[in-house]
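These protein sequences, in sequence, are chains Y and S.
Numbers 1 to 255, taken from our numbering, label the letters of the first sequence in order.
Numbers 1 to 35, taken from our numbering, label the letters of the second sequence in order.
Some hints here could point you the wrong way.
DEER-style ranges, computed between Cβ atoms [said to hold, decoys possible]:
1) S/Ser16 / Y/Leu82: 31 to 39 Å
2) S/Lys29 / Y/Leu82: 29 to 37 Å
3) Y/Trp122 / S/Ile25: 37 to 45 Å
4) S/Lys29 / Y/His50: 54 to 62 Å
5) S/Arg22 / Y/Leu196: 39 to 47 Å
6) Y/Pro44 / S/Arg22: 42 to 50 Å
Note that these hints are calculated values from the structure, not bench results.
Note that the Cβ used here is the ideal one computed from N, Cα and C, for glycine as well.
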Amino acid sequence: MEGISGLLGPGLNGSHGMKARIGATVFAAALIFFAGYAALFIAPDESTMHEIQRVFYFHLASWMAMFTALSIAFVANVAWLLSRRPQWDWLGVASVEVGVVSCTAGLITGVLWGRPAWGIWWTWDARLTTAFILWILYISYLLLRGLIEDPQRRASLSAIFGIFAFLDAPLVYVSNRLWRTQHPSPVIFGGENSGLDPTMGKVLIVCLASVMVVMILVLIDRYRLERLRHEVDELRLAADARGAGSNSVLSKGLS
Amino acid sequence: MAVWAVFFAFELSVASRLGKLRGEIERLKQQLRDG
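If we strip away everything but chain Y, and leave its shape as in the complex, we get:
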């Protein structure tokens, strides 16, 4: 666990940490620029949907980022219940928040794509409904954490809820394989008639890499936030204890 803490929470005060962070941000910015260029100018025109199909590269990448973040959250939730180390709880909530952000990006790009492609913004088919339920479940996870004061109880209950919520994630993935949906059939691992043009596949990999790098950088910052929150709680306890100690000395002096 110290390894995860060190990996996700390197100090930025040292010049090495700051240089690494600046390097990672510049790399991410270059990747974002190149991914945008590739999706707009390198990817070939799709014969039925034309320009709007270019949303696909970032739409799929957002969902992949969401599945990755929520899988990390699932592992962290299980690890918290087994070990009770606070770092797992920090990683759990950080991953869920980043997962919700990726899910929001996936839903927005889906809606932007749906209107010109289907003529409607939204439909309650199996894929869209299970994805929406997943989004609501993880927002509930974040709301639940805000309602519980005791840190141990908050971590345990949210870990159990997080494990339960994750059951919907594989259902989202298989929904357009199990049922007929308005959402297009899977183009990757979708059987005989599926697959991507080789250039489209390369552009998808670039876009996927850019969204993943951004997701990981945001996750590192969000984990760092949780660690600082823990530090504030400890300092508040120390300040309260010192205040209580001086009050007790004062009352002894008065009596």
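With the hints as your guide, set chain S onto chain Y.
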């Protein structure tokens, strides 16, 4: 663009919360030093 806008807005909120927490840590450390 929509994807980057969502991530950028989230990163801004994280940076803002980090800044507030760093300020709070400095305040509490000063409070403990002053006794």
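Verdict for Y/Trp122, S/Ile25 (Cβ pair) under range 37 to 45 Å: Given range 37 to 45 Å: holds, Cβ gap about 44 Å.
Hint check for Y/Leu82 and S/Lys29 - Cβ pair distance inside 29 to 37 Å: Holds - the Cβ-Cβ distance for S/Lys29 and Y/Leu82, about 34 Å, lies within 29 to 37 Å.
Beta-carbon spacing of Y/Pro44 to S/Arg22 - inside the hinted bounds 42 to 50 Å or not: The hint (42 to 50 Å, Cβ to Cβ) holds, given that Y/Pro44 and S/Arg22 are roughly 48 Å apart.
Supplied distance hint 54 to 62 Å, evaluated on CB atoms of S/Lys29 and Y/His50: Holds: the Cβ-Cβ distance is about 59 Å, inside 54 to 62 Å.
Whether the CB-CB distance between S/Arg22 and Y/Leu196 falls inside 39 to 47 Å: 45 Å, holds
Supplied distance hint 31 to 39 Å, evaluated on CB atoms of S/Ser16 and Y/Leu82: Given about 34 Å between the Cβ atoms, the range holds.
In summary, this structure violates none of the numbered hints.
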